[in-house]
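Chemist: If you want the building blocks of each chain, they are given just below.
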Amino acid sequence: MADSKKMSVAEILAACRKVDGGASDSSETPSSAAPAESSGQAESSAPAKAEAAEESSKPAAPKPAAPKPAIAQPGAMSTADILAAARGAKPAGAAGAKPAAGAKPAAKSPGAMSTADILAAARAGKGDKGESPAAGEAPRPKASPKAAPAPKPAAAKTQEAAGKTAPVSKADGPKDTASILAAVRQGAKPGPVSKSDLAGRPAVETPARPAKAKVEVPPMPAKPEYARAPQPQRAGEGEPRRGFLAAFFGVLIASPLAIGFSSLAVTHLLWALGLARFMFPNILTEPPTRFRVGFPDEYAPGQVEEKFKAQFGVWIVRYEFEGQSQIFALKTVCTHLGCTPNWLDGEQKFKCPCHGSGFYKDGINFEGPAPRPLERYAIQVADDGQLEVDKSQKFQQELGQWTDPASFVPV
Amino acid sequence: MHGHVSEPEFLEQISGFLGVYYLTLATMNGIAAYYLWQSKRSAVLFRVGKNQFTTATLWLAVSVVFLFLAPIAMSGDPQWMRLASIPQPLRDLADFLMGPVVYTVGTMVVLLLMFLAREFFVKPVVAWGLLNLSLLLMGLSITDVDFAAIVTKPDNVPIVGLVFLLGFFTWLATYRAVENDKRKERGEPSLEALNNEKILVWPDLVYTELICMVALTAFLLLWAIGLQAPLEEPASSVKTPNPSKAPWYFLGLQEMLVYFDPWMAGVVLPSLVIFGLMAIPFLDYNKAGNGYYTIKERMFAYLTFQFGFLVLWITLIVMGTFLRGPNWNFFGVYETWDTHKVEALNNVDLSEYFWIYLLGQARPQAPAGSATATKLAFILYREAPGIIALLLYFIVVPPALVLYSKFFRRLFAHMGFIRYMVMANLLLMMALLPIKMIFRWSPLNMKYFIAIPEYLTNL
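Protein chains in written order, with numbering that gives the first Met the number 0: chain A, 0 to 410; chain B, 0 to 458.
There could be a bad hint or two in this list.
[As the list claims (entries may be wrong)] Using C-beta positions, here's what the derived DEER-type ranges look like:
hint: 1; chain 1: A; residue 1: M278; chain 2: B; residue 2: M298; range: 56 to 66 Å
hint: 2; chain 1: B; residue 1: G105; chain 2: A; residue 2: R291; range: 47 to 57 Å
hint: 3; chain 1: A; residue 1: L343; chain 2: B; residue 2: I434; range: 49 to 59 Å
It should be emphasised that the hints constitute simulated quantities derived from the structure, not laboratory data. Note that beta-carbon positions come from the ideal geometry of N, C-alpha and C, so glycine has one too.
Starting from the given sequences, assemble the full structure and let the hints guide the process.
Modeler: Structure, rendered in structure tokens:
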């Protein structure tokens, strides 16, 4: 069956034309009664397929009509018509066709029929049916069998005929679309399949196989020039480098979309530049990192000066550290999680309100979770004799930085 | 912190609320008594002659007691109010006894007792009695200025609700679990299996949810109107509120931060909590307890969960809310928040204990100007006691449990090496928190097992 799919459109059309002819030919045989009708259908559908098969020169492949004939043929048949017709044609195909049209059993070879086949067969049967009453009126025989497709008037009758045949075929049992299609594909009767049917089937199918094997595929013609894959060209081989730049800028403004995206990119770039500029303001409203905190002799021994805490975040302490009396600047940030501790004069300690870390006056941690001492800022005596704190530098005790002379002023 | 109001004024203010409070309690007990009487569910407690003393009678009596307390509280008169409050000596005693150790160990012991005697505590009579008792204690305590200040602070009201709500749900689950365990022993199906009538999502469940949603929204609106969000002074980078408390649901974490380095308590341990919860489906091979409450069939899982939730999370939240005051000092519930309260603390690292106190020598220190690697080696040498102790804790304890505990041996056999070690190490991590707390509070005053401030590694 797969072979039949290789039929070109032209072949299919040709086959369709022949089918039309065959159908109209066979319709000349007078048949009016219901049984006769069914046998007539069988005859008509069988030759139609046979011819199609001859056309494609594949005995096992009755692939005649494809949808095309529907267009070429009398008006458009609705799907309902087609199905109804198929229902009518089927019993004939299954029971009547083989014995009756014994001449071409191979053409009816069951195998799997494609939907297209089924529809085509149905159409063929239908056209026949539609015309069989018409045959009584007898305008048809005049029509040239090959050249002219079925005339228009037939179409209207086809509809009527379809209406008539559908109820008749109903009597054969349950026929939903799926089962009909499946049944037609296997050349079996519609509806539930009995075991005996199943047993009979492989016997019918097997002869089809060797026939398939005989098929000789003609050698493919060479590909035409236009269909060949283009040779990949090396970059920069053909066009000059200068062209790239031009192409690049050309792309930027090539289309409205490109212009839109280009301007978007440019706008974003400008924003990014503006943001970068924002990071370096002309005026800093925050307090300077270097500031003077008065003369060393203003600090009494053991004093913790808190007045710079609010503005600069620093305590100035005059206290002993490692046996040396010194003035140093402690950063007012707890080394645990960064809260601001309070100086408790009564207890002589810095105490953090968040998790209860405590620090001695010299900044060494002694209670709570703070893992290390408070940090010191750089401090020195400025040229005017005042103490000057530099917040840009800090000293950590656990790193041994408090021995750095910049971290304290000895007194 | 609240010296603005004199005591008579304060009692005057609180009296209206307290009167309504007692009336509500009286009504609550009255309804309970009436319900028990009408539904004929009241059990006979004891008999005096011909007269039965039933649970309905008991709650009626309780209701009458509350009914008498209501006008006393409503009067607002200091003399009368004294009758309806806990005597001052008792309050002082409670403050004196209440410390971090007493609180934490005490809660653990109480929870353990309640767990062991759960068949007694889940009895509706006992549970309702405990509820009444705690509500009465609250009513009697709220005449204390400091207690009222801490309990009625808008921030803290949810925690009061949380305590009661959690108590209720824990009771409900335990009650059903105890009942199911008994039924299992008798070979009967669980309560949940008995009542498994299925209902439709639409409309039954969706309607219920909708009604709950609307009711909750209305409740939240009323709450927001009734209890104003506290408006504090403008923020300042150099002034931290004292005490500075996290949102209530993070108070457990904040309490953890007191005992660990911020990096540990703020990042590692919370991640481990999430990782551990995610690992549960891979570690838990016990398929029992699916769709019904049970304790006996899932003893290990139940205890682990309740320890992690009730002890390590809820009690820490309650502690952070009610018992932590200025400078993160510990205050009793009847104690005035004194900013200048001095707690003599001097925390010492393990390495100091080892080198200075035990060996009587200075802690090893790299000679000045040595290379970074040398410094690091000296630091590790200095902290060796703590490092070795922790490694032993995590490596030696799990196999030791297998060797010496039948239960853990069974776990190991079921889970295999890797799963068992993951489970055991997660458990040990969990246990590390209370262990660390106890080491901090004990006279040892242990600060960190491993203290490497140079590299922000403190454990």
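Chemist: For every hint, state whether the structure bears it out.
Modeler: Hint check results:
no.	hint	in the structure
1	A:M278 to B:M298: 56 to 66 Å	holds, 60 Å
2	B:G105 to A:R291: 47 to 57 Å	holds, 55 Å
3	A:L343 to B:I434: 49 to 59 Å	violated, 31 Å
Going down the numbered hints, you'll see the structure goes against just number 3.
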